[in-house]
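> Residues per chain, in single letters:
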Amino acid sequence: MTPAATVPPPAATAPVPAGRSGGTGPRGGNALLGLLGFATFLAVLEVVPRSGLVSANYLPPTSRIAGALAELLGEGRFWTAVADTLRGWFLGLAIAVALGVVVGFVLGTVPVLREFTASTIEFLRPIPSVALIPLAVLLFGSELGSVLLLVVYAAFWQVLVQVLYGVRDVDPVARDTAYTFGLSRWTRIRHLLWPTALPYLLTGIRLAAAVALILAITAELIIGAPGLGNEINRAQSGGAVDSMYALIIVTGLLGVAVNGLARRLERAVLSWHPSVRGEETP
Amino acid sequence: MSAHSTVRPGRRSPGAAVGTVARVLRWIAAVLGLPVALLALWWVLSADSETFYLPPLAEILAAFDDVWLRSDRLRADVLPSLLRLSAGFGLAVVLGVGLGVLIGSFRRVRAFCEPVLEFLRAVPPPVLVPVLMLFAGFGNTMKVLVVLSGCVWPILLNTVEGVRAVDEVLTDTCRCYGIRGPARLWHLVVRSASPQIVTGLRQALSVGIILMVISEMFAANNGLGFSIIQFQRTFAVTNMWTGILLLGLLGFLLAVLLRLFERRALHWYSGLRQFQRNDGHR
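As you go down the protein sequences, you meet chains A and B in turn. Take the position in the first sequence, starting the count at 1, then add 721; the result is the number in our numbering. Take the position in the second sequence, starting the count at 1, then add 119; the result is the number in our numbering.
Bound-form chain A, shown alone (with noise of 0.2 Å):
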C-alpha cells in the first residue's frame, strides 16, 4: 500500500532533512536509470518463458501479454467490467469519506464522545474486512451492495482515524486566540479545526482510496461481482492465462492511477500548507 500510512503529512516528511530528498544527481538522470529499470523489467518477462526457464504456460513473454491486453481494449465486455469495478470503487470510497468526516468531527470536538468511543474503535479497525465476505454474501448476493459494503468497512477506518489524529492536534495557541476571541462552535470547526485536519483528512483519503481498490477487486474475485476482479477469475478457470495477466496488469495501472490521482489531489488542495510548499518542519 502506501508508505508512511497513519503518520500524519507533516510528520512524514519531518525526518527528511532539507535538501537531501532531491540527491545530488540531476532528476533527469534518475527517470532514465528508471526507465532503464522498467525496460529491464519487461525484457526479464520476455526472456525467461522464452528460454524455457518457467513455462510459458504459466508466464506468458511481455509480448504475448501485451496481443491479449490490446484485444482486450478493443472488448466491450472489458470496458464494462473497468466501469463496474471503478463505480465500487469510488460509491463505497464517498460513503466512507462522508462518513469517516461526519463522525470524526462529532466524536473529536466532543472529549467525552471521544474518551468514550476509543476502545471501541480501536476493537473495531483491526477486524480484517474480509471476515464480513460470507455476510456480504449472504445479505447481498454477488451484488454492487456485496462490494459496497466491504469497501466502506475497510476504507472508513483509514479515514476516521486520520480525522480523529487531525481534530487533536490543533496548536494550542490558535486554539486558545480562537477562545479568546469568544467564536462560536461553527465558526472554530470552520476556521480552526477543518484546515487543521485537512491534511490528516487527505493522507486518509489517499489511503483509504488503495484500500478502497484492493476490496472493490477481491469482492469481484471472491463473491464474484461483476468487475475487473471476476473478469480475472473468468480467464483463470477458462485456462486463458495471456488475457488473465492482461487483466492484473490493468488493476496495477488502475492503482498507480489512483495512487497518483489522491497525490494531486493533496498537492492541489493543500498548496497552502507547508508539507507541500515546502521543507519546513513543523
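Heads up, some of the hints might be wrong.
Claimed, not checked - Taking beta-carbon pairs under 8 Å as the criterion, some of the chain B residues facing chain A (in silico):
1. 230
2. 233
3. 243
4. 332
5. 348
6. 350
7. 379
These aren't lab readings, by the way, just hints derived from the structure by calculation. Small disclaimer: the values here were computed from a predicted structure and weren't measured. For glycine and all other residues, C-beta sits at the position ideal for the given N, C-alpha and C.
Chain A is fixed; fit chain B onto it per the hints.
Structure of chain B alone, referenced to chain A:
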C-alpha cells in the same frame, strides 16, 4: 532545537492523588462502557430474532464454544492459518528489509528500481492468488507465497524510505569512528529506519491477514477462511457468525501483539518525538 530546553514538563500535578480512584473508575468506564453497551444492545435486539441471517447473540456465543473450543478446529484450522500467515509474514520481513536496505542505500539502484516497485505495489495483492495458483498449485506453498507477495511491498518501500532518510550527521559520525560493515548496517541504518520499518510491518500485517483468509477461501481443505466460507455455503449461519467473531478477535490480538513489539523496539523513538514536540513549543 535549542540546547537549553532539556527540562521536560512534569505530567503529574501535586495533590492529584485525591481524585485517583475516581479517575481510574472513569477510565474503566470509558474503556469498557461502550463495548459492553453495544454487546448488550446486540444481545437484547437479537434475543428473539427470527431473521435467518441474524441469529441471537446468545446462540452465537453458545455455538462459539462448540464450534471452535470443544472441537478439533483450533488445531486443525486455526493453527494452519496462523502458521501460513507467520511463514509468509516472516519471509516478507526478511526479504523486504534486506532488499529495502540494499535499494535504499544506493541512489542509482533506487532510481533503477523505483518505477517497477511503484507498479508492483499498486497491483492489488488478491489478484495474485490466481497467478500463484498456476505456479504453486493449491497447497501451503501457494498460500505462503500469497501472503509473502502482499506483505513484502509495504515493508520494502517503507524500509527504502527509512534508509534514505538516515540522519547525515549520524552517517558522518559513523564514518569518523570507522564503524562499517554489519555493525554500521545494524546500529545505524536499520536502527534509523526502524520507525518506518514498523509502519511497514503494521500495514503488512493487515494485508497479510486479508490474504491468508482469501487464499483459503479460494482453494483449501482447512484453515480459518476455508471454514468460514464452508459455513456460509452450507448456510450454517450461526457457525459463520462465530467464524467472523473469531477472525475479528484474531485481527485485534495480532494488532495488539505488534503494538507491544513496537513499544519495545521503538521506545527510544517515541521519547525522541516527545522531546522534539516539547521543544517545539518552548
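> When the structure is checked against the list of hints, which entries are broken? Sort them ascending.
Hint 7 alone not satisfied by this model.
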